[in-house]
Amino acid sequence: LAKTTQPISMDSYEGQEVNITCSHNNIATNDYITWYQQFPSQGPRFIIQGYKTKVTNEVASLFIPADRKSSTLSLPRVSLSDTAVYYCLVGDLPYYQKVTFGTGTKLQVIP
Amino acid sequence: DVKVTQSSRYLVKRTGEKVFLECVQDMDHENMFWYRQDPGLGLRLIYFSYDVKMKEKGDIPEGYSVSREKKERFSLILESASTNQTSMYLCASSEVEEQFFGPGTRLTVL
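Here the protein sequences line up with chains W and G, keeping their order. Mapping of the first sequence onto the working numbering: residues 3 to 113, in sequence order. Mapping of the second sequence onto the working numbering: residues 29 to 138, in sequence order.
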């Protein structure tokens, strides 16, 4: 199983770009990297997913180096509403038989 | 919008009771999952199912069982609840990529 490691917490000021890195040294060839966001008292919500290089959508970018042993979630110009826990997920699609959630990074956005 | 609903938001049970947690999804997804979430431990997969009547153990299946008699419904069963099963339980469903989570059930076992 690919175990993931993330920073426990991060602080950022509003308007800054935030980068959260996830380490997954034992990632397997078939594994994808997925990031989720979770607000208190809610279930996690999908943010972005990738296999290699760079993926961008309307809310975030995901950078994956060639060796795929880590990945970085980039949130541009964060606002207070981005305060949440961010989880890095490594698993093979579609059955998620080897899914592994990280412990999550608690991002606190400061006014 | 995909909707995943869980039968209860809060549940209080006593040690030794049999507990059923129900999850229903409305998007005809093949895959369904049960996780538990504890402080400092993140989300841990208990069981998942990729088809009706099919189930696979996750990372922490001990003390739990599941049932999937219909595609839209996935039940988590605690045969004899114990205090160490006090936790937040999250259900999810997916087709290929994205998992859609329910709001969670906070179970307290006294």
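Because the hints were derived from the structure by calculation, they are not lab data. Glycine included, each C-beta is placed from N, C-alpha and C at the ideal position. Certain hints may be false.
[What the hints assert, rightly or not] Okay, the calculated beta carbon distance ranges per label pair:
no.	chain 1	residue 1	chain 2	residue 2	range
1	W	Val61	G	Lys98	12 to 22 Å
2	W	Val61	G	Glu107	19 to 29 Å
3	G	Leu138	W	Ala30	36 to 46 Å
4	W	Arg47	G	Lys98	24 to 34 Å
5	W	Thr7	G	Thr114	19 to 29 Å
6	W	Arg47	G	Asp56	38 to 48 Å
7	G	Lys99	W	Ser43	26 to 36 Å
[Claimed, not checked] Partial list, computed: chain W residues near chain G (C-beta under 7 Å):
no.	residue
8	Asn28
9	Pro42
10	Gly45
11	Pro46
12	Phe48
13	Thr105
To see whether the hints hold, each was checked on the structure:
| no. | hint | verdict |
| --- | --- | --- |
| 1 | W:Val61 with G:Lys98: 12 to 22 Å | violated, 34 Å |
| 2 | W:Val61 with G:Glu107: 19 to 29 Å | violated, 41 Å |
| 3 | G:Leu138 with W:Ala30: 36 to 46 Å | holds, 41 Å |
| 4 | W:Arg47 with G:Lys98: 24 to 34 Å | holds, 26 Å |
| 5 | W:Thr7 with G:Thr114: 19 to 29 Å | holds, 26 Å |
| 6 | W:Arg47 with G:Asp56: 38 to 48 Å | violated, 20 Å |
| 7 | G:Lys99 with W:Ser43: 26 to 36 Å | holds, 28 Å |
| 8 | Asn28 | violated, 15 Å |
| 9 | Pro42 | violated, 11 Å |
| 10 | Gly45 | holds, 3 Å |
| 11 | Pro46 | holds, 5 Å |
| 12 | Phe48 | holds, 4 Å |
| 13 | Thr105 | holds, 4 Å |
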